[in-house]
Amino acid sequence: MKDTQSFDHRPDPELGAALRAALEPTGAHAAFVARVMGQYERALERGTIPTLDVLASWFRPGIAAAVAALILGFLFGRGILTPTATSIDAAMAPSEGPGLAALVTAADPPDASVVFASLVEQR
Amino acid sequence: MGNSPEDKDLVAQTLAGDRDAFGVLVDRYAAQARRVARAVLGDPDDADDAAQDGFLSALVKLAQYDARRPFGPWLMRIVANAATDRRRRRNVRRAEPLDPSLVGGGPRPDAVAIRSELGERLRTALGELPERRRTAVVLFDVEGYSHAEIAGILGIPEGTVRSEVFHARRRLRTLLEDWKEQVK
Numbered sequence: 131m132k133d134t135q136s137f138d139h140r141p142d143p144e145l146g147a148a149l150r151a152a153l154e155p156t157g158a159h160a161a162f163v164a165r166v167m168g169q170y171e172r173a174l175e176r177g178t179i180p181t182l183d184v185l186a187s188w189f190r191p192g193i194a195a196a197v198a199a200l201i202l203g204f205l206f207g208r209g210i211l212t213p214t215a216t217s218i219d220a221a222m223a224p225s226e227g228p229g230l231a232a233l234v235t236a237a238d239p240p241d242a243s244v245v246f247a248s249l250v251e252q253r
Numbered sequence: 004m005g006n007s008p009e010d011k012d013l014v015a016q017t018l019a020g021d022r023d024a025f026g027v028l029v030d031r032y033a034a035q036a037r038r039v040a041r042a043v044l045g046d047p048d049d050a051d052d053a054a055q056d057g058f059l060s061a062l063v064k065l066a067q068y069d070a071r072r073p074f075g076p077w078l079m080r081i082v083a084n085a086a087t088d089r090r091r092r093r094n095v096r097r098a099e100p101l102d103p104s105l106v107g108g109g110p111r112p113d114a115v116a117i118r119s120e121l122g123e124r125l126r127t128a129l130g131e132l133p134e135r136r137r138t139a140v141v142l143f144d145v146e147g148y149s150h151a152e153i154a155g156i157l158g159i160p161e162g163t164v165r166s167e168v169f170h171a172r173r174r175l176r177t178l179l180e181d182w183k184e185q186v187k
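Residue numbers (this note's numbering), protein chains in the order written: chain Z, 131 to 253; chain E, 4 to 187.
If you are wondering where the hints come from, they were derived from the structure by calculation, not from laboratory data.
It should be emphasised that the depicted structure is a prediction, and the values quoted were computed from it without experimental measurement.
Misleading hints may appear alongside valid ones.
[To be verified] Quick list of simulated restraints, FRET-style, between CB atoms:
1. E:69 with Z:151: 29 to 35 Å
2. Z:168 with E:159: 33 to 39 Å
3. Z:144 with E:170: 15 to 21 Å
4. Z:202 with E:48: 53 to 59 Å
5. Z:161 with E:67: 27 to 33 Å
6. Z:198 with E:158: 37 to 43 Å
7. E:92 with Z:144: 34 to 40 Å
8. Z:164 with E:187: 30 to 36 Å
9. E:8 with Z:140: 28 to 34 Å
We put the beta carbon where it would ideally sit given N, CA and C, even for glycine.
Pulled out of the complex, with its shape left as it was, chain Z reads as follows:
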């Protein structure tokens, strides 16, 4: 037993042993372990405890989504930043079908779908 007024950086074996005896669990060790393992099995069945496999299965879609977002972002950014070769000459250049020239010189207004189709062809 150490002096009650002094401060010691080491554990006190006598006090430790007495406290250990006082706090010793009342139930059997094996029964407690079995009880915890039973709860563990039930938690696994309910899926409330993630294993590495589960965490990995969460991880994979996340990675795929991130890669897809990166690719889309890259393509979108490239499309905005790259100047398209559009000019009046290019727009008026003949292509298969009626083309813009035919459309702008026609007497009647064209159908909207024709206009969009023509624009897509020009690109």
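Got chain Z sorted already, so can you dock chain E onto it with the hints?
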């Protein structure tokens, strides 16, 4: 630890779905977890419930465990928190006052009864200490954790741990000395 697998390996195996590895961890730390929970709660049944909560909570958080650090303090922090949560939820009854017959004067009991009496006195004395103080002294003198580790477990500065252990020891050592005088 000899040839027995290291904690960090058991943790990795548990995360990979090895149930036996978790069983080894529970077996290894069950007694310690139950004692620490009992230091917080007092009641042994409540303590076992809290220790179980702690193990299952640790499982859920197992992927967050840093394998470069010792597993024991990490687990004990979770167990101590589980015990504190349980105490708050259930408003566990406070330690009952000492039976006057135990304080002195009664018939001299046999050796087993004497040990039992000491245990009862210590539990009562622990119950009268603030929760943080009794947990700190149990982690230090019973479980052998360092002040720095206890600081991590309890989430308090190391200097505060030293102070808590000092004050708890002063009370408990006095009690122990008185008891030794009585049974002489």
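Here is how each hint holds up against the structure:
1. E:69 with Z:151: 29 to 35 Å: 34 Å Cβ-Cβ, so the 29 to 35 Å window holds.
2. Z:168 with E:159: 33 to 39 Å: holds (34 Å)
3. Z:144 with E:170: 15 to 21 Å: holds (18 Å)
4. Z:202 with E:48: 53 to 59 Å: holds (57 Å)
5. Z:161 with E:67: 27 to 33 Å: This hint holds: roughly 29 Å between Cβ atoms.
6. Z:198 with E:158: 37 to 43 Å: Given about 41 Å between the Cβ atoms, the range holds.
7. E:92 with Z:144: 34 to 40 Å: holds (35 Å)
8. Z:164 with E:187: 30 to 36 Å: Hint violated: Cβ distance 43 Å, outside 30 to 36 Å.
9. E:8 with Z:140: 28 to 34 Å: Roughly 29 Å apart at Cβ, these two residues keep to the hinted range, so it holds.
Hint 8 from the list above is the single one not met by this structure.
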